[in-house]
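Peer 1: Which chain is which? The protein sequence lines are L and F, in order. The first sequence begins at 1 in my numbering and counts up one residue at a time. The second sequence begins at 1 in my numbering and counts up one residue at a time.
Some clues are possibly wrong.
Label pairs and their calculated CB-CB ranges [stated by the list, open to error]:
hint	chain 1	residue 1	chain 2	residue 2	range
1	L	D8	F	D64	46 to 54 Å
2	L	G49	F	P98	28 to 36 Å
3	L	G77	F	R71	40 to 48 Å
4	L	D8	F	P118	33 to 41 Å
5	L	N194	F	T35	56 to 64 Å
6	L	R60	F	A47	39 to 47 Å
7	F	Q65	L	A67	36 to 44 Å
8	F	S29	L	D32	14 to 22 Å
9	L	G38	F	D10	44 to 52 Å
10	F	R71	L	T35	47 to 55 Å
11	L	G49	F	A27	15 to 23 Å
12	F	S29	L	P118	17 to 25 Å
13	L	G38	F	R89	46 to 54 Å
These are calculated hints, taken from the structure and not from any lab test. Yeah, the Cβ is synthetic: ideal placement off N, Cα and C, and Gly gets one too.
2 protein chains.
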Amino acid sequence: MGRPKTFDEDAVLDRAIEQFWTTGYHAVSVRDLETGTGVLKGSLYAAFGDKRALFLASLRRYADQSAVQIRELLSHGANPRAGLEHYLRVRGKGCTGPGRTRGCLLANTAAEVAPHDPEVRAVVGQSFAKLAAALEPAIVEAQEQGLLSRRHDAHELAAHLVVLVQGMSVVGKTEPDSALVRSSLRFALSLLENDAPEKSR
Amino acid sequence: MGRPKTFDEDAVLDRAIEQFWTTGYHAVSVRDLETGTGVLKGSLYAAFGDKRALFLASLRRYADQSAVQIRELLSHGANPRAGLEHYLRVRGKGCTGPGRTRGCLLANTAAEVAPHDPEVRAVVGQSFAKLAAALEPAIVEAQEQGLLSRRHDAHELAAHLVVLVQGMSVVGKTEPDSALVRSSLRFALSLLENDAPEKSR
DNA sequence: TCGTTATTTGAACGAGCGTCCAAGAACGCG
DNA sequence: CGCGTTCTTGGACGCTCGTTCAAATAACGA
Numbered sequence: 001m002g003r004p005k006t007f008d009e010d011a012v013l014d015r016a017i018e019q020f021w022t023t024g025y026h027a028v029s030v031r032d033l034e035t036g037t038g039v040l041k042g043s044l045y046a047a048f049g050d051k052r053a054l055f056l057a058s059l060r061r062y063a064d065q066s067a068v069q070i071r072e073l074l075s076h077g078a079n080p081r082a083g084l085e086h087y088l089r090v091r092g093k094g095c096t097g098p099g100r101t102r103g104c105l106l107a108n109t110a111a112e113v114a115p116h117d118p119e120v121r122a123v124v125g126q127s128f129a130k131l132a133a134a135l136e137p138a139i140v141e142a143q144e145q146g147l148l149s150r151r152h153d154a155h156e157l158a159a160h161l162v163v164l165v166q167g168m169s170v171v172g173k174t175e176p177d178s179a180l181v182r183s184s185l186r187f188a189l190s191l192l193e194n195d196a197p198e199k200s201r
Numbered sequence: 001m002g003r004p005k006t007f008d009e010d011a012v013l014d015r016a017i018e019q020f021w022t023t024g025y026h027a028v029s030v031r032d033l034e035t036g037t038g039v040l041k042g043s044l045y046a047a048f049g050d051k052r053a054l055f056l057a058s059l060r061r062y063a064d065q066s067a068v069q070i071r072e073l074l075s076h077g078a079n080p081r082a083g084l085e086h087y088l089r090v091r092g093k094g095c096t097g098p099g100r101t102r103g104c105l106l107a108n109t110a111a112e113v114a115p116h117d118p119e120v121r122a123v124v125g126q127s128f129a130k131l132a133a134a135l136e137p138a139i140v141e142a143q144e145q146g147l148l149s150r151r152h153d154a155h156e157l158a159a160h161l162v163v164l165v166q167g168m169s170v171v172g173k174t175e176p177d178s179a180l181v182r183s184s185l186r187f188a189l190s191l192l193e194n195d196a197p198e199k200s201r
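Whenever a hint applies, use it, and build me the whole structure from the sequences.
Peer 2: Right, here's the structure in full:
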């Protein structure tokens with residue numbers, strides 16, 4: 001059987017996620033990852049391949065985790081509309097405030113790495129698409145239940161919210177507590193208000 | 001007095017902007033800048049200081065240029081509402097399509113560098129704030145002229161559009177022609193319609 | 001107990017990084 | 001024509017990068 005592993009790969013990935021998230025791909029060195037994960041580089045290379053492969057594994061794990069979180073957030077509250085609102089609020093709070101200037105790893109990666117690495121690009125792009133695909137049915141349901149105005153096309157609104165959330169995470173990186181993020185969040189929440197309902201059927 | 005400079009600093013900055021824009025700060029080496037600008041490193045160091053200072057100068061120039069462009073785009077068309085629409089369309093087209101996956105230098109920098117460099121952060125943050133400050137009066141005027149619904153708060157809408165545009169430039173980096181960007185753009189345009197917007201698609 | 005096998009360890013490697021600087025080259029002026 | 005001044009040129013420096021690998025280590029079955 002040989003000598004047993006002294007670390008859990010997923011736990012290492014969680015640590016690596018933290019580093020890539022707060023510092024970025026290029027700015028994190030393998031030495032940094034060594035100290036950050038507590039695993040010496042030889043073992044990192046044996047377990048994951050190289051720096052890029054470790055990053056890809058971290059990114060995929062982060063994407064999976066965030067996909068799960070989306071479902072949780074959307075199912076919060078009494079109805080689909082409350083879930084949407086909750087999702088937006090959490091995402092908004094997540095990128096304002098002290099220590100919250102690292103944004104979202106997917107957005108950071110889209111900006112820094114995606115154009116130069118097809119595999120990375122695919123992971124990030126699919127994540128964004130999945131997010132939109134998760135938001136859209138919630139919007140449709142909310143509209144069907146008369147909780148959300150039908151003024152807006154559900155598909156477009158879903159895409160809009162995806163783009164908006166990524167924008168918040170980017171703009172939020174320029175200030176510990178960004179007024180722009182807060183205002184845009186308030187605006188987005190106002191979009192979800194059922195202010196001009198036609199006769200519900 | 002002395003040997004004359006063989007290059008124009010602003011022209012060099014324009015070249016440097018291109019490189020930082022398409023490749024990112026950390027991924028561009030001083031050697032790359034040497035070949036990209038056509039100026040040997042010794043002269044670059046003499047003229048600008050070091051890599052970070054050159055980046056900062058490029059970033060400030062980019063920010064200035066984009067502030068000018070905003071005013072131009074907003075004044076396009078017959079009225080403030082047409083200017084806003086034009087601005088959104090141009091920004092949307094600018095980050096979809098082949099060869100358009102480099103987004104916006106300000107957004108890229110917000111994601112990659114801003115959290116780790118206060119001076120950079122200030123430049124980017126102020127740029128975003130200026131953009132919002134340029135959009136808001138256009139929105140107010142459009143509302144006063146009855147061209148744009150008063151349903152939305154002008155200040156919040158301005159912030160919303162800033163964040164949205166940054167989001168488009170980030171999401172657009174994951175695909176040459178992003179359906180998400182196109183949809184969110186269509187949605188944003190529908191927000192600018194005066195009364196009950198039709199459900200396009 | 002010993003041999004097998006898988007993992008850990010950290011020294012070592014070449015390449016490339018950002019930066020510096022001494023020498024040469026091109027001007028204006030006396 | 002020198003002379004002073006400024007900019008250019010490209011080699012060199014020290015360092016850190018990502019990566020490799022042989023030796024040391026630890027668990028297993030026999």
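Peer 1: If a hint holds in the structure, say so; if it does not, say that too.
Peer 2: We went through each hint and held it up to the structure:
1. A hinted range of 46 to 54 Å holds for the C-beta pair D8/L and D64/F, which are about 50 Å apart.
2. Hint check: G49/L to P98/F, Cβ distance near 31 Å, so the stated range 28 to 36 Å holds.
3. The beta-carbon spacing between G77/L and R71/F, approximately 43 Å, falls within the hinted interval of 40 to 48 Å.
4. For the pair D8/L and P118/F, the beta carbons lie near 37 Å from each other, so the given range of 33 to 41 Å is met.
5. With their beta carbons about 58 Å apart, N194/L and T35/F fall inside the hinted range of 56 to 64 Å.
6. As the Cβ distance of R60/L to A47/F is approximately 44 Å, the hint placing it in 39 to 47 Å holds.
7. In this structure, Q65/F and A67/L meet the distance hint of 36 to 44 Å, their C-beta atoms being roughly 39 Å apart.
8. At about 20 Å, the beta-carbon gap between S29/F and D32/L stays in the expected band of 14 to 22 Å.
9. A hinted range of 44 to 52 Å for the beta carbons of G38/L and D10/F is consistent with their spacing of about 49 Å.
10. Between R71/F and T35/L the CB atoms are about 48 Å apart, so this pair conforms to the stated range of 47 to 55 Å.
11. Look at G49/L against A27/F: about 20 Å separates their beta carbons, and that is inside 15 to 23 Å.
12. One distance hint, 17 to 25 Å for the beta-carbon pair S29/F and P118/L, holds here, with the actual separation near 22 Å.
13. Range check, G38/L to R89/F: about 51 Å between beta-carbon atoms, so the 46 to 54 Å window is met.
Comparing the model with each earlier hint shows no violations; every hint is respected.
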